[in-house]
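**Student:** Assemble the whole structure, with the sequences as input and the hints as a guide.
If you want the building blocks of each chain, they are given just below.
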Amino acid sequence: SVGRGGACTTSAPSLHITFSLSLSLSLSLSLSLSLSLSLSLAFCSQDIRNTVGNIPMEWYKDYPHIGYDLDGKKIFKPIRNKDELDEFLDKMENPDYWRTIHDKMTGTDVCLSDEQVDLVHRLQQGKFGDVNFNEYEPAIDFFSNEVMIHPVTNRPADKRSFIPSLIEKEKVGKLVHAIKMGWIKPRRPKETAPQYYDLWAKEDPNAILGRHKMHIPAPKMRLPGHEESYNPPPEYLLTDEERQVWEQQDPDERKLSFLPQKYLSLRAVPAFSRFIQERFERCLDLYLCPRQRKMRVNVNPEDLIPKLPRPRDLQPFPTLQSLVYHGHSSLIRSISISPSGQWLVSGSDDCTVRFWEVCTTRCLKTMEVGGPVKSVAWNPAPSISLVAVSYGENVILVNPGLGDRLICSATDQLISSYEEPEEVKDQQVQWAVPEGKAQEQGQRLILTHPKAVKQVSWHGRGDYLACVMPDDGSSLQVVIHQVSRRRTQNPFHRNKGAVQCVSFHPSRPYFLVATQRYVRVYNLIKQELTKKLMANCKWISSMAVHPGGDNVICGSYDCRLAWFDLDLSTKPYKVLRHHKKALRGVAYHKHYPLFASGSDDGTVIVCHGMVYNDLLQNPLIVPVKVLKGHIITHDLGVLDVAFHPTQPWVFSSGADGTVRLFT
Amino acid sequence: MGGLQKKKYESGSATNYISRNKARKKLSLSLADFRRLCILKGIYPHEPKHKKKVNKGSTAQRTFYLLKDIRFLMHEPIVGKFREYKIFVRKLRKAYGKAEWGTAEKLRGNKPGYKLDHIIKERYPTFIDALRDVDDALSMCFLFSTFPRTGKCHVQTIELCRRLSVEWMNYIITLRSLRKVFLSIKGIYYQAEVLGQIITWLVPYQFAHDHPTDVDYRVMATFTELYTTLLGFINFRLYQTLNLVYPPKLDGKGEEESRAESEEDYAMDSERYMEKLSALSASLVRVVSTAEAEEAELDHFPAEGEDGEKLAERLKARQDQDRQEKLFEGLKFFLNREVPRESLAFVLRCFGAQVSWDKSLCIGSTYDVTDETITHHVVDRPSLEKQYINRYYVQPQWVYDCVNARMLLPVEDYFVGVTLPPHLSPFVEEKEGDYVPPEKLKLLALQKGERPEQEEEEEEEDNDDSEEEEDEDQSDDEDELKGMEEKQALGKASSVKVTPGEAKPVNRQRAEQEAKAEEKRLAVMMMKKRDKYLYDKIMFGKKRSVREANKMSAKRKALDEASKANKKKKLKK
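In the order they appear, the protein sequences are chains A and B.
Counting in the working numbering, the first sequence runs from 1 upward without gaps.
Counting in the working numbering, the second sequence runs from 1 upward without gaps.
Hints in this document: simulated from the structure, not taken from any laboratory.
Be a bit skeptical, because a hint or two may be false.
As the list claims (entries may be wrong) - No farther apart than 27 Å at their CA atoms in a straight line, the calculated lysine-lysine pairs in the DSS-like style are these: (1) A:Lys180 to B:Lys542; (2) A:Lys581 to B:Lys532; (3) A:Lys180 to B:Lys68; (4) B:Lys542 to A:Lys307; (5) B:Lys111 to A:Lys190; (6) B:Lys98 to A:Lys180; (7) B:Lys557 to B:Lys520; (8) B:Lys568 to B:Lys551; (9) A:Lys628 to B:Lys520; (10) B:Lys106 to A:Lys294; (11) B:Lys86 to B:Lys68; (12) B:Lys106 to A:Lys628; (13) B:Lys86 to B:Lys111; (14) B:Lys543 to A:Lys307; (15) B:Lys94 to A:Lys307; (16) B:Lys543 to A:Lys255; (17) A:Lys532 to B:Lys431; (18) B:Lys94 to B:Lys68; (19) B:Lys94 to A:Lys294; (20) B:Lys98 to B:Lys86; (21) B:Lys568 to A:Lys294; (22) B:Lys529 to A:Lys307; (23) A:Lys526 to A:Lys425; (24) A:Lys91 to A:Lys104; (25) A:Lys262 to B:Lys81; (26) A:Lys531 to A:Lys580; (27) B:Lys49 to B:Lys25; (28) A:Lys174 to B:Lys98; (29) A:Lys174 to B:Lys543; (30) B:Lys91 to A:Lys171; (31) B:Lys431 to B:Lys569; (32) A:Lys574 to B:Lys516; (33) A:Lys580 to B:Lys529; (34) B:Lys52 to B:Lys98; (35) B:Lys91 to B:Lys106; (36) A:Lys532 to B:Lys528; (37) B:Lys111 to A:Lys174; (38) B:Lys7 to B:Lys86; (39) B:Lys431 to B:Lys542.
Owing to the predicted nature of the structure, the values given are computational and were not obtained by experimental measurement.
**Tutor:** Spelled out as structure tokens, the structure:
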């Protein structure tokens, strides 16, 4: 339903209809157009005016009256006796039924006249209610520009109409001031598109600002590889495991930022979901990443390798494993070669000492001793046939009885010719002569020490023998025996640190003592410390002195071999880190410029170590051969190395119970 | 002693750097404005060598800029414009708050703007500098031109980006300087050579973007602002060098021809120009009308110190390039409606082909499907109902592969419905020791002029033969082994025998090699510690690359074998 309210006065000859808001009558019309319209109508002819106003009429539902007239009397509802059936019959039979409306205000049925129906039609069409009203009448231009002789009004003109307005003046003044001050700017012409021109018309390549010399241009994006193709070769696709790994990885750790995929045709390729992100990341990189010029080292690795003389030119040196001496059942801690080079002695943890013929690998003699043998040393004097063997707290001097009989007998004589001096001094070491079976086996003297002896070392002449009893802080760690006089000396009142090994200088009266970290060189005649060599390693294991006497090498448990040039400095001339594991033994060759080191990694490395007589020239050290052969047992490989006195051969004893000869 | 006590952090590196916050305060800019300024001026942070010293003893994480850079920023007129804009926003907000619509309108009419011309000129003093940095600008413009016209950023920006990218493509077509194309899963990479600079850009596939939430579009918009300015000036200059009219105009003939069609269906009058330009089918108007003249033959001046070989090499490269530029010359292509039209039209036109498409697909089509002179029809659907006899129906990958191979590849592998050969990246240049996929080897052979296909088949046959032979060999070996075992069994029974030993042939070469290897090993042992470290690092890298290459080839081998087995099975069935 459409509600319409309007005020309009019209004069109809038969009916006087007034549309008003105050006097209203709502009609419900059911027209053939099926349009219902509620109108406010007042019927003046009957002059029944209900004064209740525009209220919902259902408020009077339960009362007998329907409102009040102008005099304040109740207007009673007409008696309605029509029921549904009557209504229906009325609808069927009454030809004016369609123009009959129910007036809610009075509760009566009103039959509209033709004029009224016409009026309703006109209103519905949006026309004026009055038929005669012409809405397009020509307008009369009262206030035209034509000056008429009779003015429309006779009112005198205002003063303000002929003097300039002060308010306007003030306003204009303000605007002018604002324009002058630049507060108001004229509206700029709108620029639709940016204007481009030849920006680099007058380019001057030298006119680069100072800042831009320092400027580092951003690196370009990495170009895509095969794996980024929409149809890559199949090997670039990730397998299931690789894909799982990729998915589990942190996005920063991934080698590829995307999963390679294969599509059968171009139409199957979807949009890349991270496209905008990647571009954004590039933007962030461009303005947030610090830039730095990195000098990439473009080195040919071959150039880094030092140019050394070829090993072939440095021959002879041992190259092949030629002989293996089987026999020991446990690891061999020490070996020693006779000065003639014909015999070899080895001491093992199976409590035996074996004597071998070098050329045939025959074990000529086996001697059992009362404990694992720590060290053996053949007397370097060619005229004496004596071997010092240390086990436990004892050191025995053995005459193996090999080789020249004259020498053997001379040696026996030398030992037996000892005469006890008149005054017997109290010694810390007891000298005893073995008897019985031991004597038969060749043992000539037994020296019993207060502590376990780890190493024995002969002086070059063959009369003095140094023994090491490592014990940190004790004053008795090194003793020197004189065999011919059966005398023992303790050269040091006090030892600094645990002594690892000792050695006599081959030509001068020097005595070298290696503690854990230092090698001290003592002058035995002057009885003073001449040098203290810093080995730069944690724990020295072995030491050897060059036959020339000016160079010393030290092997250490932290895989290093330090070469000292005594004339040069107390620091190592060179530190070699050739071995992978701890070094156990080092040795110099007597004649050839060779030295060897044996290590727990089962290898013996032979190096060429040429020492020049010219003092200005430093020693030349070139590794020439890595010899392998020993089997690593209990994490121990090679335990001792020794050179043949005349030939360029090297012997090595290992934890696998063999001695091997490399020639 | 005397003298003033030296205070810490008053000289040296501590005074050369400034933290971001301090820089911001010094310039009295908000963080967003500071960021914008850094983007526009190309200022980036620096990593000081001694961070703690610069940070005045603190180890907190800070971003540092060079103080010189910040001083340089202080003189920038744009900083003033930023402040003006800030004030404008404040005034506008005030006017709205007071409901002074007139003032607001007036203010909006006078919205302060700024130009980036001077910044471009300052950042890129020479044109070549600008060209060198145009990669990112192109990628960004191509991305922005695919954005929807609603939300995210201003419509004007998007339209400008589209215009600039179309201009760029038209320039590349006219210059014929496209070198490489690569269809990746991310988008299409193009590489062109402009004035000796290699320029690579990436264009996304034509799909709607799902806009991520973790992206700051303001940063992207600032970059785009800079890039559009840069690209506009570059385009202008490039068009000028080719004597083309800027903004580009379509060649008159083409325009008239195409106007004959009922093109009012596609675009409004205002849009038609842009649409037709972006159709990439017509050539552009030149300033000098004699532009059709061929390029002058280049005279060759051998550079000093350059020997004949190098000259020949250069000449050959030049010839190759010329040949590549005329790769599709004389061919007539028709694009079916499912292929990426813009990309294909661009690539084909860059190499001199004629290209057209269905009239209803896009504006600017020049001939119909029924044209008898069409040589290639680019199709990307499993099968085609109506086929013409005198043309090849190829999949789009053929075009791209031909461009990368610099020659017309055999079309058989790319027919409709055929499984495509892998699409390789043209940007990979394999060094020695890197993994080279077999397809690449095949391609290289093709480029050298060999016909590998038949050989390959033969090879396959050979392989089969050899395999069989191997089988036989194996069986032979087994026989021998059996015999040996029998003999051994016999030997156990019989008494010990001494057989004459056989002289082992000494492989001299091998021995020599071994000796050399050992020599090297020994020399490596004698290296200095520092050198050794570097050497180990280099060798580690080398070994890793070798390992990766081996892994790839093993993977490929396994895959090939699997596919072969599958084929055999099918054949047997």
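**Student:** I'd like to know which numbered hints this structure contradicts. Please list them from smallest to largest.
**Tutor:** 1, 3, 7, 10, 12, 15, 17, 18, 19, 21, 25, 26, 29, 31, 34, 38
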